[in-house]
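Visitor: If you want the building blocks of each chain, they are given just below.
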Amino acid sequence: MAERYELRFSGAGGQGLITAGIILAEAASIIEGKSAVQSQSYGPEARGGASKSEVIIADGPIDYPKATIVDACLAMTQEAADKYANGIKKGGLLLIDADFVHTAPEGDFKVLRLPIMRMAKEDIGREIVANVVALGAVIGLTGVVTRESGEEAVLRKVPAAFKDLNKKAYSMGYEKGKELAQ
Amino acid sequence: MAKKVALLQGNEACAQGAVYAGAKFFGGYPITPSTEVAEVLSVELPKVGGKFIQMEDEIAAMASVIGASLTGAKSITATSGPGVSLKQELIGYACIAEVPCVIINVMRGGPSTGMPTGPGQSDVMQAMWGTHGDHAAIALVPDSCQEIFTETVRAFNLAEKYRMPVQVLFDEIVGHMRERIEFPEPGELEVIDREAPSVGPDDYKPYDSTKGQIPPLADFGSEYKYHVTGLNKADDGFPTTKASLVDAEERRQIDKVMDNIADIESNEEYMTEDAEVIIWAFGSTSRSARYAVNELRKEGIKAGMFRPITLWPFPAKRTAELADQAKAIVVAEMNLGQMVYEVERVAQGNCVVVHEGRVDGDPINPGQIMDKVKEVL
Chain A
1 MAERYELRFS GAGGQGLITA GIILAEAASI IEGKSAVQSQ SYGPEARGGA SKSEVIIADG
61 PIDYPKATIV DACLAMTQEA ADKYANGIKK GGLLLIDADF VHTAPEGDFK VLRLPIMRMA
121 KEDIGREIVA NVVALGAVIG LTGVVTRESG EEAVLRKVPA AFKDLNKKAY SMGYEKGKEL
181 AQ
Chain B
183 MAKKVALLQG NEACAQGAVY AGAKFFGGYP ITPSTEVAEV LSVELPKVGG KFIQMEDEIA
243 AMASVIGASL TGAKSITATS GPGVSLKQEL IGYACIAEVP CVIINVMRGG PSTGMPTGPG
303 QSDVMQAMWG THGDHAAIAL VPDSCQEIFT ETVRAFNLAE KYRMPVQVLF DEIVGHMRER
363 IEFPEPGELE VIDREAPSVG PDDYKPYDST KGQIPPLADF GSEYKYHVTG LNKADDGFPT
423 TKASLVDAEE RRQIDKVMDN IADIESNEEY MTEDAEVIIW AFGSTSRSAR YAVNELRKEG
483 IKAGMFRPIT LWPFPAKRTA ELADQAKAIV VAEMNLGQMV YEVERVAQGN CVVVHEGRVD
543 GDPINPGQIM DKVKEVL
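Residue numbers (the numbering used here), protein chains in the order written: chain A, 1 to 182; chain B, 183 to 559.
You may find that some hints are simply not true.
[Unchecked claim] Below, a list of computed lysine-lysine pairs in the BS3-like style, where the Cα atoms sit at most 27 Å apart:
{"id": "1", "chain 1": "A", "residue 1": "Lys-157", "chain 2": "B", "residue 2": "Lys-556"}
{"id": "2", "chain 1": "B", "residue 1": "Lys-387", "chain 2": "A", "residue 2": "Lys-89"}
{"id": "3", "chain 1": "B", "residue 1": "Lys-480", "chain 2": "A", "residue 2": "Lys-89"}
{"id": "4", "chain 1": "A", "residue 1": "Lys-66", "chain 2": "B", "residue 2": "Lys-556"}
{"id": "5", "chain 1": "A", "residue 1": "Lys-121", "chain 2": "A", "residue 2": "Lys-178"}
{"id": "6", "chain 1": "A", "residue 1": "Lys-163", "chain 2": "B", "residue 2": "Lys-556"}
{"id": "7", "chain 1": "B", "residue 1": "Lys-229", "chain 2": "A", "residue 2": "Lys-66"}
{"id": "8", "chain 1": "B", "residue 1": "Lys-185", "chain 2": "A", "residue 2": "Lys-157"}
{"id": "9", "chain 1": "B", "residue 1": "Lys-229", "chain 2": "A", "residue 2": "Lys-157"}
{"id": "10", "chain 1": "B", "residue 1": "Lys-480", "chain 2": "A", "residue 2": "Lys-90"}
Hints were generated in silico from the structure; no laboratory data involved.
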């Protein structure tokens with residue numbers, strides 16, 4: 001079996017984390033030509049509740065489509081952190097929203113903090129792009145796809161009128177993620 | 183030229199496969215986790231001159247599919263377990279009236295409403311025995327987004343060729359997950375169209391089997407006039423109670439499938455050549471099984487996987503051969519025991535057959551299968 005890299009995006013339903021997972025899977029599989037599988041788990045609610053999206057990336061075919069041991073996990077809310085920030089591998093990464101996750105789960109992994117929602121709201125000016133800030137941060141932190149592939153995948157997904165906004169959100173997330181990685 | 187590629191959900195791939203196969207009608211009633219099939223077809227069918235109707239309920243949806251198909255349109259519906267339950271009466275009607283149609287069942291748990299957003303594989307016996315009376319069934323169980331595309335095309339081919347309903351069952355996991363799909367070029371996959379009658383309207387009998395097991399179906403509403411009923415019927419389509427005719431018709435409708443198993447069957451085997459334990463798994467569970475086989479082999483355990491792609495008719499011959507070869511078969515399915523009974527039946531005690539199931543809304547993971555294999559060896 002080819003080496004797998006497993007990512008999990010979790011937060012509140014409606015925060016766009018399933019979309020973030022889809023964009024990352026597009027960047028890996030359509031733009032970079034790797035194998036990627038994106039899946040999700042959510043409750044019956046259209047908004048709220050905890051939701052997660054998983055992306056598996058590998059050089060070869062991917063059999064089991066869900067995470068087995070997570071390389072990098074994002075948690076945007078306390079509920080998501082409690083419910084989904086588990087199964088992270090030894091030495092793996094957990095990125096949490098510094099303002100919303102007060103109690104990070106303990107384990108043999110690195111916990112990193114960024115005020116993702118605040119960055120989206122105050123620095124970019126729109127809370128709605130928090131998922132793109134988060135995606136940029138995860139890519140900057142992990143290097144699982146290149147900065148350019150991630151950006152191209154984001155821009156393919158958003159309407160023309162919002163390209164600049166999302167580009168800005170992605171770049172800010174990427175830079176902050178990259179800083180955390182050092 | 184490079185092929186068109188896209189990151190698609192299994193449900194979206196199913197809809198694209200239907201269009202590739204030449205579908206011209208969808209009648210349905212939306213239900214999680216199948217809704218995206220309807221959603222995409224509502225956009226795509228009008229572009230190819232097809233029709234999309236959201237009916238008032240699942241029963242009417244199935245009726246609309248049968249009606250549309252009789253007029254000559256390749257027809258499809260998509261639903262989940264609760265919807266298939268409601269459609270059963272009309273699935274039986276499509277069996278006896280021999281109306282080609284494709285029924286997609288994106289499986290969740292159950293019975294009844296169950297857990298709408300969770301996966302399940304508990305409709306597999308229903309696919310065979312859900313409707314009453316003796317009948318044959320064809321059910322296909324793809325395990326990836328690409329295979330959902332190709333198996334949806336094959337479902338239409340089998341429906342048109344054998345003049346009967348064909349079900350495609352996949353579960354919420356494959357239905358909702360996204361993978362890279364390569365769109366086949368037109369002509370790359372075989373597309374079978376319905377055989378036209380070889381006689382004129384005056385001589386046409388819709389169930390005349392003197393020239394073959396599968397009588398050609400004329401377009402209803404054309405100059406060909408005939409009668410369609412759920413009753414046992416004579417070759418002209420009108421009801422009969424004559425014992426010899428009823429018996430012959432009932433048997434023919436089963437034989438047309440069972441005599442052609444070689445054409446309908448499709449399986450995949452992974453490392454079975456020297457396997458001492460076979461993991462018998464289908465749909466998304468086979469992906470966990472393949473992972474488990476790889477891990478078990480690393481530990482020196484001779485494991486292999488048998489994966490039916492055609493679940494019905496049941497792959498009896500090959501399963502029996504594997505039961506002769508192996509010490510044990512582990513049947514992994516997201517239910518509390520369904521296909522395991524068929525495997526036990528054909529294994530005839532020649533090897534140990536055990537079941538590994540799960541119904542809590544989480545998939546059967548590779549570790550769970552590995553533990554079972556070690557327990558049984």
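Visitor: So, against the hints stated earlier in the document, which numbers end up violated here?
Guide: 1, 2, 6 and 7
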